[in-house]
Amino acid sequence: MPAIALRMRGEAATGRREGPKGQMPGVKKQPVRAARPVPIKRRDRERTRQEILDIAFEEFAENGLSGGNTDAIAARANITKRLIFYYFNSKEELFTAVLEMAYAEMRAAEEDLHLEALEPEAAVRRLAEFTFDFHQAHPQFVRLVSIENIHRGRHMAISRRLKEMTQPSISQIAKVLERGAACGAIRPGIDPVELHMTLNALSFFAVANRHTFEAQFAFDMSSPKARAQRRAEIADLLWRCVRGDWTAAV
700 MPAIALRMRG
710 EAATGRREGP
720 KGQMPGVKKQ
730 PVRAARPVPI
740 KRRDRERTRQ
750 EILDIAFEEF
760 AENGLSGGNT
770 DAIAARANIT
780 KRLIFYYFNS
790 KEELFTAVLE
800 MAYAEMRAAE
810 EDLHLEALEP
820 EAAVRRLAEF
830 TFDFHQAHPQ
840 FVRLVSIENI
850 HRGRHMAISR
860 RLKEMTQPSI
870 SQIAKVLERG
880 AACGAIRPGI
890 DPVELHMTLN
900 ALSFFAVANR
910 HTFEAQFAFD
920 MSSPKARAQR
930 RAEIADLLWR
940 CVRGDWTAAV
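For the sequence shown, my numbering begins at 700 and goes up steadily by one.
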């Protein structure tokens, strides 16, 4: 029997006719829906960079530059290690960026002291108390600076940003000294860099050398009472060092 006759017999039996390419005319062809694109989570560049810096700061402060692990940093930030190097190129550059961030925090806080609004003695004491408090509140900063000194300051030496940060700080001290010398409250000729160094040496020691000093001399440096006493003594020492009626012991 011819094929067309067989097809017509089948259509008569079923009551349906096939459409083009075997499609039944009673069945409506459903349009093919395009798959919805999977939403891509885009990380904010600055937020990601800052997160890497914050985690790297803790990693380097705890384990040093040599012991700091970029795999650990990437894992904590929930990113790939490749992304760390995308932002910072190398572990050394990441460490330098961490130093810049840490010092920027301290310098920003120094600018909020507004020493120019205080009388010379109050300004000197405020500076001393702030420096002591900052080091006490940021022991990881002290550790990071100690680590950079182990590396002979090579990262700071090549950082233009770190060098620029020192200028406002020294300038602020210089203005206090000049103003105090003009009214006779502070003796003239004091180098602001020398004074900055003296103050930081006193404050830094109370954190950086606390453990060894306590172990040797059984001297409490950690309690609130001990810290308050040390804070007041450093402020007194700095003021005695600069006051106008100060005379060196013969």
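The set of hints was computed from the structure by calculation and includes no laboratory data.
We put the CB at the ideal spot given by N, CA and C, even for glycine.
Take these hints with a grain of salt, some might be off.
[As the list claims (entries may be wrong)] Label-pair distances were calculated between CB atoms; the ranges are: (1) A774 / G852: 28 to 36 Å; (2) M896 / P838: 37 to 45 Å; (3) D832 / D919: 16 to 24 Å; (4) C882 / Q839: 33 to 41 Å; (5) T865 / F916: 29 to 37 Å; (6) D770 / R942: 24 to 32 Å; (7) G943 / A774: 26 to 34 Å; (8) H910 / R781: 32 to 40 Å; (9) A873 / R746: 34 to 42 Å; (10) E810 / M896: 28 to 36 Å.
[As the list claims (entries may be wrong)] Here are the computed lysine to aspartate or glutamate pairs in the DMTMM-like style, where the Cα-Cα straight-line distance is at most 20 Å: (11) K790 / E820; (12) K790 / E815; (13) K874 / D811; (14) K862 / E893; (15) K780 / E745; (16) K780 / E750; (17) K924 / D935; (18) K780 / E792; (19) K874 / E809; (20) K874 / E893; (21) K862 / E791; (22) K862 / D935; (23) K790 / E818.
We went through each hint and held it up to the structure:
no.	hint	in the structure
1	A774 / G852: 28 to 36 Å	30 Å, holds
2	M896 / P838: 37 to 45 Å	20 Å, violated
3	D832 / D919: 16 to 24 Å	18 Å, holds
4	C882 / Q839: 33 to 41 Å	40 Å, holds
5	T865 / F916: 29 to 37 Å	34 Å, holds
6	D770 / R942: 24 to 32 Å	54 Å, violated
7	G943 / A774: 26 to 34 Å	57 Å, violated
8	H910 / R781: 32 to 40 Å	38 Å, holds
9	A873 / R746: 34 to 42 Å	38 Å, holds
10	E810 / M896: 28 to 36 Å	20 Å, violated
11	K790 / E820	44 Å, violated
12	K790 / E815	40 Å, violated
13	K874 / D811	15 Å, holds
14	K862 / E893	17 Å, holds
15	K780 / E745	17 Å, holds
16	K780 / E750	13 Å, holds
17	K924 / D935	17 Å, holds
18	K780 / E792	14 Å, holds
19	K874 / E809	14 Å, holds
20	K874 / E893	14 Å, holds
21	K862 / E791	18 Å, holds
22	K862 / D935	30 Å, violated
23	K790 / E818	46 Å, violated
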